[in-house]
Amino acid sequence: MPDSGAGRGRARELVACHQCDELQCIGMLAPGQSAHCYRCGALLARNPAGGLLLPIVLNMSALLLMLLAYFLPFLTLEIQGRSQQTTLPGTAKALYDAGMGETGIVVLLTTVVGPILLVTGSLYVLLSVQLYKPLPGLRHIMVWIGHVLPWGMLDVFMVGVLVAAVKLSDMANLVVGPALYAYVALIVVSTAALSQFEPHIIWARMDRMGVWYRAR
Amino acid sequence: MRASCLGLASCAVCNQLMRLPAVRTGLCPRCGSHVHVRKPASLSNSWALLLAAVIMYFPANLLPIMTVVYLGSGQPDTIISGVIRLMMHGDWPIALVVFVASVLVPLLKMIVLVYLLFSVHRKSNLRRRERTRLYRMTELVGRWSMVDVFVVALLAALVHLGVLADITPGPGARAFAAVVILTMLSAMSFDPRLIWDHEEDCP
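Top line first, the protein sequences correspond to chains X and L. Under UniProt numbering, residues 1 to 216 are what the first sequence spells out, in order. Under UniProt numbering, residues 1 to 203 are what the second sequence spells out, in order.
Simulated from the structure, these hints should not be mistaken for lab results. Each hint should be verified, as a subset may be incorrect.
[As the list claims (entries may be wrong)] Reference excerpt, derived from the structure (chain L facing chain X, CB under 8 Å, subset only): (1) S33; (2) D91; (3) K123; (4) R127; (5) A153.
Glycine included, C-beta positions come from ideal geometry on N, C-alpha and C.
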């Protein structure tokens with residue numbers, strides 16, 4: 001059943017909505033356009049306005065910001081001359097030290113490991129597709145990105161920072177570390193990168209590069 | 001026309017459409033993932049994970065999520081008492097954020113999942129589009145409940161100054177993280193296509 005899609009892009013493609021199973025054709029999408037299921041309204045496909053280069057640049061910047069956000073001091077607390085500081089991964093370690101290792105692992109996976117996998121994984125795939133060079137493991141990484149996607153929670157952590165800052169406001173003095181600035185920039189950049197990353201387009205490009213699990 | 005009526009299935013990972021009997025291994029020819037017409041054991045998996053989440057909801061709300069000791073005196077805080085403390089302090093916007101993310105969202109999400117699961121069991125024909133939209137919203141909003149777990153982790157990492165001030169995480173935070181993850185998994189196991197399956201017989 002799969003059509004070859006070799007050479008030129010397909011003008012119309014038959015898809016089944018993944019939320020109501022309705023068969024429908026998607027035409028060519030202009031940059032910035034998206035297609036929704038006519039029956040249930042689910043998003044079927046998008047064509048991000050930035051092409052492939054914009055998400056590549058955004059993911060590269062996200063990777064750099066991650067180095068700063070994860071390794072530099074995040075917040076410093078001062079009470080009556082005494083102070084204590086933490087990094088972002090340090091929050092997971094604090095839970096581990098308190099005997100709540102599993103919860104620490106959840107925090108580590110959702111705020112550090114997940115986002116790192118997403119950014120490096122999508123960068124690898126985007127570069128491979130942009131260079132038209134089927135790098136090893138391309139297909140596996142695309143499958144992995146789909147599984148990791150819902151578990152990245154950098155943006156949720158930001159609300160956690162706000163709530164924690166308010167709770168501490170009358171108890172102590174909070175000093176914002178350089179990592180927090182990098183982290184705020186990271187949220188903006190990685191959210192933009194995700195909004196520009198459309199698996200539908202990447203899979204179609206990979207079709208044209210001949211990256212299939214089974215040769216047809 | 002539903003794809004399943006024509007014996008077609010689409011890959012959950014890469015959305016490739018294919019004729020199922022032709023795929024003997026059950027693997028997607030494009031990405032190599034397992035292909036199913038519907039998510040396997042969707043209803044029972046979804047119910048089981050939801051039930052586990054409901055059970056964990058009790059310790060999550062009854063046990064303290066952290067203990068705050070400030071200048072020698074302190075008390076354990078549950079999620080609700082944390083919200084009340086913020087309100088009494090006059091931090092209304094933040095109290096509202098925590099209340100919505102930690103109390104309202106998990107509760108509504110579990111109620112919505114129960115409703116969706118029952119409606120599929122009853123083979124309901126009503127408001128399919130709205131129910132699918134409801135499902136999309138629970139998927140979108142669920143992760144935001146993790147806020148309180150992150151708050152506890154941050155406070156526990158920052159406030160370790162002996163008798164001056166000390167915050168230790170409590171077992172409630174662990175149960176609460178479990179609720180968030182279990183409801184997320186339950187929603188992921190639910191197959192919204194089941195809502196549409198009883199609409200009419202295939203022509």
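So, going through the hints one by one against the coordinates:
{"no.": "1", "hint": "S33", "verdict": "holds (6 Å)"}
{"no.": "2", "hint": "D91", "verdict": "holds (5 Å)"}
{"no.": "3", "hint": "K123", "verdict": "violated (15 Å)"}
{"no.": "4", "hint": "R127", "verdict": "violated (11 Å)"}
{"no.": "5", "hint": "A153", "verdict": "holds (4 Å)"}
Of the numbered hints given earlier, the model fails hints 3 and 4; all others are met.
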